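Chemist: Required output: the full structure, derived from the provided sequences and hints.
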Amino acid sequence: MSTDTTTNTDTAEHPAHTTGDGQPLVHAVNVTKAFGSNEVLKGIDMDVRKGEVVCLLGPSGSGKTTFLRCINQLETINGGRIWVDGDLMGYVDKGGRLHRLHDKQIAAQRRDIGMVFQRFNLFPHLTAIGNVMEGPVQVKGAKKAAARTRALELLASVGLADKERAYPAQLSGGQQQRVAIARALAMDPKLMLFDEPTSALDPELVGEVLDVMKELAKRGMTMIVVTHEMSFARDVADRVVFMDGGVVVEQGPPSQCIDNPQHQRTKRFLQRMRQEKQEV
Amino acid sequence: MSQLRETEARATEERPGRIDAAPVRHPLRWVAVAVIALLVAMFVNMVLTNEAFNWPFVWEAMQQSPVLEGLWKGTVLVTALAMVVGISGGVILAVMRLSPNPVLSSVAWVFTWFFRSVPRLVLLTTMGALGILFQKGLSFGFPFDQQLMGLLGIDANLTFLTLNANEVFAGIAGGVIGLGLSEAAYMAEIARAGILSVDKGQAEAAEAIGMSGGQTMRRIVLPQAMRVIVPPTGNETIAMVKDTSLLIGLPLSTELFYQLQSIGSRTYQVFPAFVAAILFYLVITSVFMVGQYFLERRFGRGFGQPSESNGKVARLLGRGAAH
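Residue numbers (numbering that gives the first Met the number 0), protein chains in the order written: chain A, 0 to 279; chain B, 0 to 322.
Hints are computed from structural coordinates only; laboratory data are not their basis. Model, not experiment: these values are computed from the prediction. Please note that a few of the clues may not be correct.
To be verified - Cross-link-like lysine-lysine pairs, in silico, DSS-like; alpha carbons within 30 Å at most:
hint : chain 1 : residue 1 : chain 2 : residue 2
1    : A       : K93       : A       : K189
2    : A       : K143      : A       : K103
3    : B       : K241      : A       : K142
4    : A       : K49       : A       : K217
5    : B       : K199      : A       : K103
6    : A       : K189      : A       : K139
7    : A       : K139      : A       : K217
8    : B       : K199      : A       : K41
9    : A       : K189      : A       : K213
10   : A       : K103      : A       : K162
11   : B       : K199      : A       : K189
12   : A       : K276      : A       : K266
13   : B       : K135      : B       : K72
14   : A       : K41       : A       : K189
15   : A       : K276      : A       : K213
16   : B       : K72       : A       : K139
17   : B       : K199      : A       : K162
18   : A       : K41       : A       : K139
19   : B       : K72       : A       : K143
20   : A       : K162      : A       : K189
Modeler: Listed below in structure tokens is the structure:
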């Protein structure tokens, strides 16, 4: 691949991913990903500053979710580089050649990145508080008593102080997703990734999850959110990134990108979203 | 006043209240109950009056000390140990089988292939004869130590433990190894099905909070797989209780059925001896079934399993809940 050589020199040109304030927390350069012969990401460049809330918009199949999963290394990228807080994800550069990190090192890189899934993926054999405590106790080696206190605070902050002992199956979808957010926050992440967090919810439960996310944004959490909730993107996002066909088509503040889109594809997508909303 | 009552009456007429319906009757169930009761009475009568049962002899045979020793050592202990070997071996084999490492997964496949193919009686009988391979005893030490020392021209003994192979393979240890390895092959498939039954999102969620592969397996995947693994494992345990009667192939005579059978043939009371054996097997399997019930409840946590047995008799007579 011709891109490989260019990105290697990029390392020198972008001191961004080493240290420093005001530098991007997430720095992705020319990220490509294919499943077999199906190219899903065709060279994504994206910077996310500390404290920024970025919403990824676009039709299904545009690669939003795949890109999000690549940041957390749930998918391995085929080309390009992703740095999170200065760490090159998945590899270490030894004398100009990349070496794949060991599974344990990759696990360590993931600790600082919280992820919330479309289908919640709570651990069904653990109670709500068990789910929240699992990471700190098992991964960080926290004391159980301390982890419990912190988990109770987190459950209270997502409005579920009374559901401590409930198993996921006893909670509504919205409650499960809020526990999932608390579980991710328990690891004190620098970055939160949300993969269509409200798509699997009944319409009347969407609001409670979005409220928790708004609160989180207000407190300065860096967030990348794949969503179809236009109102959330407009109200909360600092920037929206519109993706289609594995490339970034357009990006900018919501006022510009949603209300006054420049590209034909963005316009078409937004119009379709509006029509769907009216039908509902 | 009367008008008010009239409207009230109409209101109750128009708005149906609580349902107090007659349940569906099942007359055929009563016929079946009668037929079965008759058959049971006939059977009990036969069991109690037929002298070939010789109940006093059955009780006496069950209390003989070689029989009890056979029960504890040969049947209960070997079952327990062989299942420990089988379950732990099976889980390891299942993880190996699902590993991306082709060497590990094919080793697991070959192991399963071999031990599932050989009948347990044949396996145990062969185990008992394994001593032939190790006539100087089973030695544990540096691999190829004698050849290496010969090459280097040094005379040193690198063996730290030598066991009598016949004692190892033809005793209780041999039974545990033989039955345990054979069981591991079956448990491997059960454990693999259990692991595959857990949604992929679970492992992803565990990895997303920074768990390593081993932690994910131990803390998240296996506990959920257990829900699928436990019921067939209960089945396997019960089958293992019965397969301990094959230990005589080793030959190991400290075993329940062999002991009772030999009492039977010594005293010409063959049938009561068999009855005694059956009673013991019934008791052991019943105890294991109780254990299985509690295990299933433990691992069913969070999956909202329906509460058990809300009145089987009532349901039979069509008087229970409407289902």
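Chemist: The structure should be examined with respect to each hint, and the outcome stated for every one.
Modeler: So, going through the hints one by one against the coordinates:
1. K93/A to K189/A: 26 Å, holds
2. K143/A to K103/A: 23 Å, holds
3. K241/B to K142/A: 46 Å, violated
4. K49/A to K217/A: 13 Å, holds
5. K199/B to K103/A: 19 Å, holds
6. K189/A to K139/A: 15 Å, holds
7. K139/A to K217/A: It holds: about 27 Å lies between the C-alpha atoms, which stays within 30 Å.
8. K199/B to K41/A: It holds: about 26 Å lies between the C-alpha atoms, which stays within 30 Å.
9. K189/A to K213/A: 17 Å, holds
10. K103/A to K162/A: 33 Å, violated
11. K199/B to K189/A: 25 Å, holds
12. K276/A to K266/A: Status holds; Cα separation ~15 Å.
13. K135/B to K72/B: Answer holds: K135/B to K72/B is near 28 Å, not above 30 Å.
14. K41/A to K189/A: 27 Å, holds
15. K276/A to K213/A: 21 Å, holds
16. K72/B to K139/A: Answer violated: K72/B to K139/A is near 45 Å, above 30 Å.
17. K199/B to K162/A: Measuring from Cα to Cα gives roughly 26 Å; hence the hint holds.
18. K41/A to K139/A: Judged against 30 Å, a Cα distance of about 36 Å means the pair is violated.
19. K72/B to K143/A: 42 Å, violated
20. K162/A to K189/A: 26 Å, holds
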